[in-house]
Amino acid sequence: QVQLQESGPGLVKPSQTLSLICTVSGGSLISSSYYWSWIRQPAGKGREWIGRIFGNGKTNYNPSLESRVTISVDTSKNQFSLMLSSVTAADTAVYYCTRDWAVSSPYYSYYATDVWGQGTTVTVSS
Amino acid sequence: EIVLTQSPGTLSLSPGERATLSCRASQSVNSDYLVWYQQKPGQAPRLLIYGASSRATGIPDRFSASGSGTDFTLTISRLEPEDFAVYYCQHHGSSPPLTFGGGTKVEIK
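These protein sequence lines map, in sequence, to chains B and C. All the letters of the first sequence, read from the start, carry residue numbers 1 to 126 under the numbering used here. All the letters of the second sequence, read from the start, carry residue numbers 127 to 235 under the numbering used here.
Simulated from the structure, these hints should not be mistaken for laboratory data. It cannot be assumed that every hint is accurate.
What the hints assert, rightly or not - Taking lysine-lysine and the PhoX-like style, the derived pairs with C-alpha atoms no more than 20 Å apart in a straight line are:
#	chain 1	residue 1	chain 2	residue 2
1	C	K231	B	K45
2	C	K166	C	K235
3	C	K166	C	K231
4	B	K58	B	K45
5	B	K45	C	K166
Stated by the list, open to error - The following residues of chain B were derived to be distant from chain C, with all beta-carbon distances above 10 Å:
#	residue
6	D74
7	M83
8	S109
All residues carry an ideal CB built from backbone N, CA and C; glycine is no exception.
Chain C on its own, in the form it takes in the complex (with noise of 0.2 Å):
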């Protein structure tokens, strides 16, 4: 099973400040398979990123992603309101188990 471990727990900034999300997988996994997502309080995950880096449809350019074997990043770069939330990553694809990580919160500084 593959283990996810995101970092920082918590980010603490401001508006229009730029936010750097870290991914590390325990075994190096098929970044097609790697997925992110932003969650608020009471809402249902959305869909960020899937491919590693590939944002979903209607996600702003402002969120990127990157990475590769055990290292993948999600990269806000000027965090606007709306975006203080709870980032997820996880490892989808095509053979079970699926996990994912404990989660970011990117909270207003």
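This is chain B alone, in the form it adopts within the complex (with noise of 0.2 Å):
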């Protein structure tokens, strides 16, 4: 069973870069049915999606971040990693990676996310 777990510091000073990392275990990060997302959500606030990143290494960005956010694979660690750039306090939230899946075909296209880590928060604060 897949599982995924998010590291990184719990604390980045504002206008700097925020890294996280996310493991993958049980499974192989390289997987032409999966490809693999970032998502946050700021305390009492909606759920946010950051981006995400597919087995040949081509990424979608919110637009909202596009400016500042990069994602990126280590497949010899079996690990993909987010990078924020110029933080400030409303980059504060909780952070997840998550395994998404698409199928398709002449008659359908589905996409979900079947596996969430746990969540790390990060706070934004000098």
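Starting from the two chains in their separate frames, assemble the complex, guided by the hints.
See the structure below:
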């Protein structure tokens, strides 16, 4: 059973870069069936999708964050990572990594998230 | 960006009752991309429904969902004690950004 675990600093100073790693266990990151995403949720607010990376290295980002976000993969370590630059207090949130899948045919194209990490809290403060 | 509005915010029901949850999109969406999750306190979300109406593996048939265009519904036919949780809808798919509804809490009356 695939499990995801987020790791990284819990406290980041304003204007610095937030860096998180998601370690995948129980399965391979290299798969044409799955792709890998980051989501965050500030306290008391809704979830916000940050972006995702496909097995071929292609990425999609939320336009609201695109100028500051980089998602990458380290297949040798079975990890993928998130970097968010120039952070402010508004970036304080619980950050989750997820595994997503897509299945398609000529008649449908389904997407969903089937595995979530437990989340890691990141606070932006001096 | 597609905004998803879930209602009601909280649903107070008794075990055995029927629960009907709504997810309304700000514009018409591809039903293939509408997903429902269940989340209990301290746990990761659990995939319930994908493609607006297809149950994920292992999901009991008391959970059903339907909808198209801008209006989607998740129904729990007879609430079991383990069904009291928060339910989220999500617009997934190929074109970012993916978005989430704010959730409906189903609580014991």
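Query raised in the report: Which of the numbered hints above does this structure break?
Result: 4, 8
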